[in-house]
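Peer 1: Since the structure of chain A is provided, determine the placement of chains B and C on it from the hints.
Protein chains in written order, with the working numbering: chain A, 1 to 130; chain B, 1 to 185; chain C, 1 to 630.
Calculated from the structure, these hints are not laboratory results.
Certain hints may be false.
As the list claims (entries may be wrong) - Just some of the chain B residues that point at chain C, by a computed CB distance under 10 Å:
(1) Phe23
(2) Val30
(3) Pro39
(4) Pro42
(5) Leu47
(6) Lys165
(7) Tyr175
Claimed, not checked - With a cut-off of at most 30 Å between alpha-carbon atoms, the simulated DSBU-like pairs for lysine-lysine come out as follows:
(8) C:Lys507 x A:Lys76
(9) B:Lys116 x A:Lys76
(10) B:Lys49 x A:Lys39
(11) B:Lys173 x B:Lys124
(12) B:Lys37 x A:Lys39
(13) A:Lys100 x B:Lys165
(14) B:Lys173 x A:Lys100
(15) A:Lys39 x B:Lys165
(16) A:Lys39 x B:Lys173
(17) C:Lys507 x C:Lys118
(18) A:Lys77 x C:Lys507
(19) A:Lys76 x B:Lys124
Computed from a predicted structure; not experimentally measured.
Just so you know, even glycine gets a beta-carbon here, dropped at the ideal spot from N, CA and C.
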Amino acid sequence: MNKKLKNYYLIKKIFISASFIILISSSHTLENNLAEITKELRCMTCQNQTIYESESDFSNQIKNEIMRQLKEGKSKKQIIDFLSYRYGEYILFRPQFDKKNLFLWLFPFVLISAAFVILFVRITKNRRHT
Amino acid sequence: MIKKFNLLKLNAYILLIPFVILFLVCTFLVYYLLEDKDPSAPPSALLNKKIPNFYVEDLINAEKTINQNILKDKKVLINFFASWCSPCKVEHPLFLKIKEKNPNLIILGFNHKDKKNEALLFLKDLGNPYSLIGIDKDGKVAMDFGVYGLPETFVVNENGIIIFKHTGPITDKLYEQEIKKLLFN
Amino acid sequence: MISSLGHSFIFLNLLSIILNLFFFRKLFQDNNMINEKRFLLSARLNFLFILFAFLCLMFAYIVSDFSILNVLMNSNSKKPFIYKISGVWGNHEGSILLWILIMTIYTFVFSFNKRISKQTKYATIFYQNLMTLGFVIFMITTSNPFKAAPGKTNEGFGLNPILQDPALAIHPPLLYIGYVGFSLVLSIAISGLTTSNTNEEWVKVLKNYSIFCWSILTAGILTGSFWAYYELGWGGWWFWDPVENASLMPWLAGLALIHSLQIIKQNSQIKKWVIFLSILCFSLSLLGTFLVRSGILMSVHAFATDSSRGLFILMLFFIITGFSLLIFMIKYPENDKGASLIHFNKYTSIIINNIIMVIVCLSVLLGTIYPIIIESIFNERISVGAPYFNSTVLPIMLPGLLIMAIAPALSLKKNNLNKKLSYLVVFLAIIFFALLIYILSTINPWAIIGIGLAVWIIISTAIEFYNRFLKFKNNTLKKIIFSNTALISHFGVGILIIGITASSIWKKEFEDVLNVGDTLNIHNYSLTFNNLEEKNVDNYQAIIGEFLIKKGDKTFGKVKPEKRYYFSSKIVTTEAGIHHQLLQDIYIVIGNNNPAGWSIKVYHNPLVSLIWIGIIFIIAGGLMSIKRYD
Numbered sequence: 001m002n003k004k005l006k007n008y009y010l011i012k013k014i015f016i017s018a019s020f021i022i023l024i025s026s027s028h029t030l031e032n033n034l035a036e037i038t039k040e041l042r043c044m045t046c047q048n049q050t051i052y053e054s055e056s057d058f059s060n061q062i063k064n065e066i067m068r069q070l071k072e073g074k075s076k077k078q079i080i081d082f083l084s085y086r087y088g089e090y091i092l093f094r095p096q097f098d099k100k101n102l103f104l105w106l107f108p109f110v111l112i113s114a115a116f117v118i119l120f121v122r123i124t125k126n127r128r129h130t
Numbered sequence: 001m002i003k004k005f006n007l008l009k010l011n012a013y014i015l016l017i018p019f020v021i022l023f024l025v026c027t028f029l030v031y032y033l034l035e036d037k038d039p040s041a042p043p044s045a046l047l048n049k050k051i052p053n054f055y056v057e058d059l060i061n062a063e064k065t066i067n068q069n070i071l072k073d074k075k076v077l078i079n080f081f082a083s084w085c086s087p088c089k090v091e092h093p094l095f096l097k098i099k100e101k102n103p104n105l106i107i108l109g110f111n112h113k114d115k116k117n118e119a120l121l122f123l124k125d126l127g128n129p130y131s132l133i134g135i136d137k138d139g140k141v142a143m144d145f146g147v148y149g150l151p152e153t154f155v156v157n158e159n160g161i162i163i164f165k166h167t168g169p170i171t172d173k174l175y176e177q178e179i180k181k182l183l184f185n
Numbered sequence: 001m002i003s004s005l006g007h008s009f010i011f012l013n014l015l016s017i018i019l020n021l022f023f024f025r026k027l028f029q030d031n032n033m034i035n036e037k038r039f040l041l042s043a044r045l046n047f048l049f050i051l052f053a054f055l056c057l058m059f060a061y062i063v064s065d066f067s068i069l070n071v072l073m074n075s076n077s078k079k080p081f082i083y084k085i086s087g088v089w090g091n092h093e094g095s096i097l098l099w100i101l102i103m104t105i106y107t108f109v110f111s112f113n114k115r116i117s118k119q120t121k122y123a124t125i126f127y128q129n130l131m132t133l134g135f136v137i138f139m140i141t142t143s144n145p146f147k148a149a150p151g152k153t154n155e156g157f158g159l160n161p162i163l164q165d166p167a168l169a170i171h172p173p174l175l176y177i178g179y180v181g182f183s184l185v186l187s188i189a190i191s192g193l194t195t196s197n198t199n200e201e202w203v204k205v206l207k208n209y210s211i212f213c214w215s216i217l218t219a220g221i222l223t224g225s226f227w228a229y230y231e232l233g234w235g236g237w238w239f240w241d242p243v244e245n246a247s248l249m250p251w252l253a254g255l256a257l258i259h260s261l262q263i264i265k266q267n268s269q270i271k272k273w274v275i276f277l278s279i280l281c282f283s284l285s286l287l288g289t290f291l292v293r294s295g296i297l298m299s300v301h302a303f304a305t306d307s308s309r310g311l312f313i314l315m316l317f318f319i320i321t322g323f324s325l326l327i328f329m330i331k332y333p334e335n336d337k338g339a340s341l342i343h344f345n346k347y348t349s350i351i352i353n354n355i356i357m358v359i360v361c362l363s364v365l366l367g368t369i370y371p372i373i374i375e376s377i378f379n380e381r382i383s384v385g386a387p388y389f390n391s392t393v394l395p396i397m398l399p400g401l402l403i404m405a406i407a408p409a410l411s412l413k414k415n416n417l418n419k420k421l422s423y424l425v426v427f428l429a430i431i432f433f434a435l436l437i438y439i440l441s442t443i444n445p446w447a448i449i450g451i452g453l454a455v456w457i458i459i460s461t462a463i464e465f466y467n468r469f470l471k472f473k474n475n476t477l478k479k480i481i482f483s484n485t486a487l488i489s490h491f492g493v494g495i496l497i498i499g500i501t502a503s504s505i506w507k508k509e510f511e512d513v514l515n516v517g518d519t520l521n522i523h524n525y526s527l528t529f530n531n532l533e534e535k536n537v538d539n540y541q542a543i544i545g546e547f548l549i550k551k552g553d554k555t556f557g558k559v560k561p562e563k564r565y566y567f568s569s570k571i572v573t574t575e576a577g578i579h580h581q582l583l584q585d586i587y588i589v590i591g592n593n594n595p596a597g598w599s600i601k602v603y604h605n606p607l608v609s610l611i612w613i614g615i616i617f618i619i620a621g622g623l624m625s626i627k628r629y630d
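With the rest of the complex left out, here is chain A (with noise of 0.2 Å):
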């Protein structure tokens, strides 16, 4: 076998085994987009189920559809809105954090903030007394 095969062969394995590692980690990764976005959204036709952890045909259908567009390019948003504009805010286990859900969001850390800040205020007024 003369140098040059030998070397084409090798430019050739190096080539193939490369390709097969980014499909391999593309492949990878969008499995991973999948997950992440179905671990979020709810399975319409079970009770409290994610899309990730059903089997039913509802979200079997939904996964192919995010996959799809994965595949296309979309981001995590635009799937999401894509899913939310037809199944409504329903479909998503985190709400959105918009007007409507501003209560919801900010309730927890307004309150543990406010709490601290009093307590506190508090403590450094007792301090300079005694």
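Peer 2: Just chains B and C now, with coordinates in the frame of chain A:
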């Protein structure tokens, strides 16, 4: 003196907070209970939105296709059904009755994830109330309509806006009280 | 026959409650021994009658008396004996009877209490019976367990198969002992307030009952969670389901309550707070009951319901909570000197614990009912699920958990921490190692935070235990352990956090389609699909797979995941096959049968056992801290 008075007043207000929360929580819960909302049937997201575009093959006449343009300027009743869906059989006679009483009404059916011959057999056995039937083999149209549990029924007005949606079989009561008003007013 | 016997016991019970309330009135007019005796006797009879009614229902289940509607709907003659018994509370009507039974058991036991002042004791029994009356009326009007069945039937419809499970057989009674026990806590608190008698004995009694209820509630949640783990087949054990939240809310309030009871001696402001928390605990139990029974929330285990029941429970919730709050407001004790918050002592740390627990509790409440509020206002439905709770509750809990580690070592009065230096060294060492691991490895930062936190709690608890051990060297070990039960619970929390962190972050899933004889490799283990058999058991048909777990040549064990089909209710359930080890669980679920074979899901869950062990430590610590004062 004034300072002490304020302090007392503040305390009284703080004591009122649990009451206010109690009243609010109970009000919402009672309202929700009396409204008789169904926990398994959320209000439709597509209500008051324009109907999605679709382009499907006709079940009866394979050469024909159906798209959203045929719904222009008319009130239309849309129903998703399948031969494998048993609640669909329950509501089927009602659709026949509606068609019989209102021959001019367009009832658009979507045959959802079904086999063609089984669907045709289903219609042959039970009768065909539909003016047109589109084939939704892969469930793509259903997804655009936000359908997840068969049967589902929609009413679309002249402007192509969805003004009613129901998941599950429709009943006489539902037809008389809600759907009729929307279709013929 | 049984039905009319049951009815008459319920009637007698109603009578004895009314008599009891009547005698209570007489006690005020003429406080003599005879009236006292009558009052106590009627309170105790009350329990006996409900017990008999309950036994009647249980008997009806055992002999499969299908002339009773409740038995007809929820039992089946072929059902195994143990599930005939647990079937009694596996349905709405029976569980309400159980609720009342437990309520009267508490009253019964409490009526023998000799520590608390007589006046307060009688007032407590009075409040307790008043509430019992509400529930008895609820049972009679909307959910009579002895209602006769129309016509004659030879076979019942069977218990919901999901409930035919050992963990779920004991789950409701445990949960109720916790939930319902808070009613007595509430009664004691309110009667202490109305009789202006909140002395040391009152505190002790309140402390004992609330710790007991809270510990058993924890056990109830544990069994529920354990059940969800192996029955639902999703490999998880907490789903932030509305029904789970309903049990979590009183648990969190109870947690705040038992902690603030530790510092109640300090001043009367804490007393007010304790009374308020007692009200909160039972109110949240009632609200939770409402959420489960009214069927307004979509949930894994919602009961079949109608709205009249919901309205009645809501009414009970409103009246009991409103009435208690009203008494609280009117009898609000005179304000004395404010809390002595001098920077950092045990007192402050427990206040921080209380603030955090109450805020977490309110957040869970808000998240649970927010969809209802939104739908009422906007006619739109939203979901508030796990992502919301994980991203609000966990960060709020974090400072509390940090402080929890050193709180037992803090001095009650002085601004002083025993062995300050050792804690500081441990804390800095943990931070240092955590940062080091964060920089050098690709481990998920949440895992580092979780494990770091757990190590911090465990080491700090150990240091404090060692200190106390040195201090009380001459006592027996048993005595030392029993006087430091809080440390046991805190140690359990550390273990629990490791379990939660590891099992949620390093959980791995494998999915494949297998046929009998195939082998699946995960990590260093090989799972061989050995056998598949169909089996007819009493009331269901099962497909039982058998998997051989091997590591190299060594056989580790066999697991048998099942799929069951229950004839009478036509429901398919999954029973995961789990190979439990201390350090990991291998969790196998049989899925659908495809043309290519069976789809099999395997979860590799590291350290799940630590969750159960941690919770058992917490419960043990709680139960051991109940003191006998006689």
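Peer 1: Against this structure, judge whether each hint is valid.
Peer 2: Structure-based check of each hint:
no., hint, result
1, Phe23, "holds, 9 Å"
2, Val30, "holds, 6 Å"
3, Pro39, "holds, 4 Å"
4, Pro42, "holds, 4 Å"
5, Leu47, "holds, 9 Å"
6, Lys165, "violated, 12 Å"
7, Tyr175, "violated, 21 Å"
8, C:Lys507 x A:Lys76, "holds, 24 Å"
9, B:Lys116 x A:Lys76, "violated, 36 Å"
10, B:Lys49 x A:Lys39, "holds, 28 Å"
11, B:Lys173 x B:Lys124, "holds, 27 Å"
12, B:Lys37 x A:Lys39, "holds, 27 Å"
13, A:Lys100 x B:Lys165, "holds, 23 Å"
14, B:Lys173 x A:Lys100, "violated, 34 Å"
15, A:Lys39 x B:Lys165, "holds, 28 Å"
16, A:Lys39 x B:Lys173, "violated, 39 Å"
17, C:Lys507 x C:Lys118, "violated, 56 Å"
18, A:Lys77 x C:Lys507, "holds, 26 Å"
19, A:Lys76 x B:Lys124, "violated, 45 Å"
Figure legend: structure checked against the earlier numbered hints; hints not met, in rising order: 6, 7, 9, 14, 16, 17 and 19.
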